[in-house]
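A.B. asks: Use the sequences and the hints to build the structure in full.
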Amino acid sequence: MNKKFTVVIVAVVLLVVFWVAMGVERNELPYATIGELENYQGKLDGKRFRLGGNVQEGSIVRDKTNPLLVEFIIEQGEETLPVNYHKITPDMFKDGVEVIVEGEFVNGTFQADNLMTKCASRYEGDIRQTQMTETKL
Amino acid sequence: MVVYGATLLNIALGLAVLTIGLMVVYLRKGDYRLFLTGQRTALGISFLVFLATIVLVSNLLKSNFSIDYVAKYTSLETPFVYKLTALWAGQSGSLLFWLFILSVYATIVVLQNRFRYHQLMPYVISVMATIQLFFLLMVNFVANPFNPIDAVVPVIDGMGLNPLLQNPTMAIHPPILYLGYVGFSVPFAFALAALFSNRLDAMWVRSIRRWTLFAWLALGCGIILGGWWAYLELGWGGYWAWDPVENASLMPWLTGTAFVHSIIIQEKKNMLRVWNMVLIITTFVLVIFGTFLTRSGIVSSVHSFTESSLGPMFLWFLLLIIAVSVFLIILRLKDLRSEKKMESFISRESGFLFNNVIFVSLCFAVFWGTLFPVISEAVRGTKVTVGAPFFNQIAVPMGIILLLLTGIGPLLAWRHTSRKSLVRNFSIPVVVGLITFLISFLFGIRSLYPLMTIGISGFVTGTLVMEFYRGIRVRVKKFDENPFAAFIRIISKNRSRYGGYIVHLGIVLMFIGFVGKAFDEDNEWALKVGDQVELAGYSITLTNVEEEERPNHYAWIASLKIEKNGEHFTDLYPEKRIYFHNNPDPNRRQPHSEVDIYSSFKEDIYSIFGSIDTETDVISLKIMVNRLIMMVWIGGYLLLIGTVIALWPSKLSV
Amino acid sequence: MYAEFMLLITFVIMVGFIIQPLLLKKVDRPDDEDITLETLKLRKKVIYKQIKEAEMEYEMGNLSEEDYIRTRNSLKEEASSVIKTIEKK
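Protein chains in written order, with our numbering: chain A, 1 to 137; chain B, 1001 to 1654; chain C, 2001 to 2089.
Everything labelled a hint here was simulated from the structure, so no lab data went into it.
Take these hints with a grain of salt, some might be off.
Distance condition first, Cα-Cα at most 25 Å in a straight line; then the derived SDA-like pairs of lysine to any residue [unchecked claim]:
1) B:Lys1269 <-> C:Ile2069
2) C:Lys2045 <-> B:Gly1238
3) B:Lys1478 <-> C:Val2082
4) C:Lys2076 <-> C:Lys2025
5) A:Lys47 <-> B:Ser1376
6) C:Lys2041 <-> B:Arg1199
7) A:Lys94 <-> B:Lys1269
8) A:Lys4 <-> B:Asp1335
9) B:Lys1340 <-> C:Ile2069
10) A:Lys3 <-> B:Gly1238
11) B:Lys1334 <-> C:Glu2059
12) A:Lys87 <-> B:Gly1238
13) A:Lys4 <-> B:Arg1419
14) C:Lys2044 <-> B:Val1274
As the structure is a prediction and not an experimental result, all values here were calculated from the model.
C.D. replies: Rendered as structure tokens:
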């Protein structure tokens, strides 16, 4: 009886491992760098990407009459990419923060449908700086 | 006083080393005085940790900004309660808090067993002291919460606590989660002690049954509270995102759940002894791994603390635990093997066994999905993320199988179930399950998983209700009790059994809540005062937007009138807040969306104030209609009640 | 000053508490519980509990008579073998 059990359990475990491996393959979406986008030579429309970078200082433009329309620029070192986003932005979304955007190209512009902010340092920022500015004031 | 905090931790570190040393010498020389002294040094470690915690807390309350930690996590305007909770808001404080809870447990374990388990206790105390030693090393040398502030000028005010953490749920979520996390160190210590001393009989399992159940309960409650907090505070309308740190707390819960079930088999049948060792050790390893994941910054998540040098130390500690455990298990393999064998597939034992296989597989899947991005980057050099779809694809079917087993298990007899018993037990629940399945089909539900979940929920509920009914019927017949008295009695006389059933009922409710997710609706709009929009049969009017300056933030408050079928239904007031709005550095100002929710059994109306344009007064608003979400919280309460019943001390329990 | 004084006192008491057992003359180790006997007694208790549970299951109607008798017999067999071992001790 124990042997039978072992066989059944091993079968179940193998099935799960296989299933998990398949699942990862199907669901992973690789990160692209902005530099890599040039390899597509303009044939970007309809392709899905996930990109990471920092929001360029002062690049966030919100439509005055429709705050849901947001445009901003993400930068990775020297390279930059304009991004359109049509949803409510997370609270942590502001100049300089690290973001991950997911979406596709529509008529040559990157249309993000998912925007995640990485609160890089939560509240563990550099207190000395703030403190200095405050004392100066 | 600051200096003393650090000194207390220094001495505690010394005592931890001393405790381990004394126990080792005692085990070689057998001089009982050494053991007694070791017991007291063990108590001493904990005592000093308590004192150190008190010193830190009192400094937090006094707003002594000469301590770096106090200045980083509190400010003068932080409310009293949140000055207290700042203890676990940051890296070093939360490590001290971990240590604090561990010390509470260590004290209880030492005192409770001072006249018992003479062979096990030296090892138990050593293992606990080793874990304490590890965390003491951390707080002494890597992340010391008593470090003085490194500023040229005296600090006038601190930075304040993250507004997201200023919420009652958040005030209790971390401590409860920690109670669970750290609680598993006790069964782990007993398991290792049993292996070291080669006392592998039923004793060690019995000595930890309560502890395990308690830790499991606390971890479960911590996870649910975390979900609740996310739902109330984070403003995306969900409670679970398969975030790496959520996964980190789920993994030990999954193996812990498997363990809670499989020790029943060991108690009753003296089987699965190796397996149980492996399970509890894995659970503790996952606890430390989870703590590591949160602190090392190797995966990014809402929860993670800043990247720090803690990572490598945690990895070494993990390696040490795994190496020692594996070595011990191999050493004792012969003694651990049980002579008993499984008798039949159609038995309670085999039900438990499959439950274990699925729980552990699920844990593996979660582990793989969580670490895959890291592994992929290291091995293939490409960065990938594995999102919610992956986890759902695996967890949903496995969850459904587990739900099914919840219903099947109680219907199977130990050892072997005859066909006659099978028919007698299964017919009613199966019919109930089929009926619920058909009803939901007729109501227009066509997707596979929701249909299966609802049908199986019906089946499980059928099983549970039948179990209660049959138990009550016996007592009514036998003792001539009234049904209500009989209901109370069957629970109080069979606490673990019926407590377990109540937990299972809670799980069923939670699954119903999960199913509700498939029927959620939401939309986002840009609105001006007076605009009206429609969603899921509700019409929503933005009637007003007010502004208000409050003690530590500035708020815009939207007034929403919700109507249904032309009649007034309810009003919602979501807010957009800016915390630290007076800070001269705009990047330090912290926007925050305070959601407002209308809750009912059937559905929640969840409103999020996204943003406001101060020139045109146009706001962005998101409304979600979340179906059946309240079932998740009610299920959580049942889980709590059921476990407390099972835990309640009783003279009868063997 | 007050705080320092209190800390010092606490510390002295703690050290005294810790080294007190070392000042005693040799203390005898308490007798080990006879583990095997304890375990056997525990086993006996657990088996009896299972017999009671099986009885309850039978009364509830969860176990057919055939299953009940088989379970009870095998549990009783096990119990009597455990009792025999205990008596030998």
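A.B. asks: Each hint: holds or not?
C.D. replies: Status of each hint after checking the structure:
1. B:Lys1269 <-> C:Ile2069: With a Cα-Cα distance of about 18 Å, the restraint between Lys1269 (chain B) and Ile2069 (chain C) holds, given a limit of 25 Å.
2. C:Lys2045 <-> B:Gly1238: violated, 48 Å
3. B:Lys1478 <-> C:Val2082: violated, 31 Å
4. C:Lys2076 <-> C:Lys2025: violated, 50 Å
5. A:Lys47 <-> B:Ser1376: holds, 22 Å
6. C:Lys2041 <-> B:Arg1199: Given pair Lys2041 (chain C), Arg1199 (chain B) holds - Cα atoms ~16 Å apart, limit 25 Å.
7. A:Lys94 <-> B:Lys1269: This hinted pair is violated, its Cα atoms lying about 60 Å apart.
8. A:Lys4 <-> B:Asp1335: holds, 23 Å
9. B:Lys1340 <-> C:Ile2069: Holds. Lys1340 (chain B) to Ile2069 (chain C) sits at ~21 Å (cutoff 25 Å).
10. A:Lys3 <-> B:Gly1238: Violated. Lys3 (chain A) to Gly1238 (chain B) sits at ~45 Å, over the 25 Å cutoff.
11. B:Lys1334 <-> C:Glu2059: violated, 40 Å
12. A:Lys87 <-> B:Gly1238: Answer holds: Lys87 (chain A) to Gly1238 (chain B) is near 17 Å, not above 25 Å.
13. A:Lys4 <-> B:Arg1419: Judged against 25 Å, a Cα distance of about 21 Å means the pair holds.
14. C:Lys2044 <-> B:Val1274: holds, 22 Å
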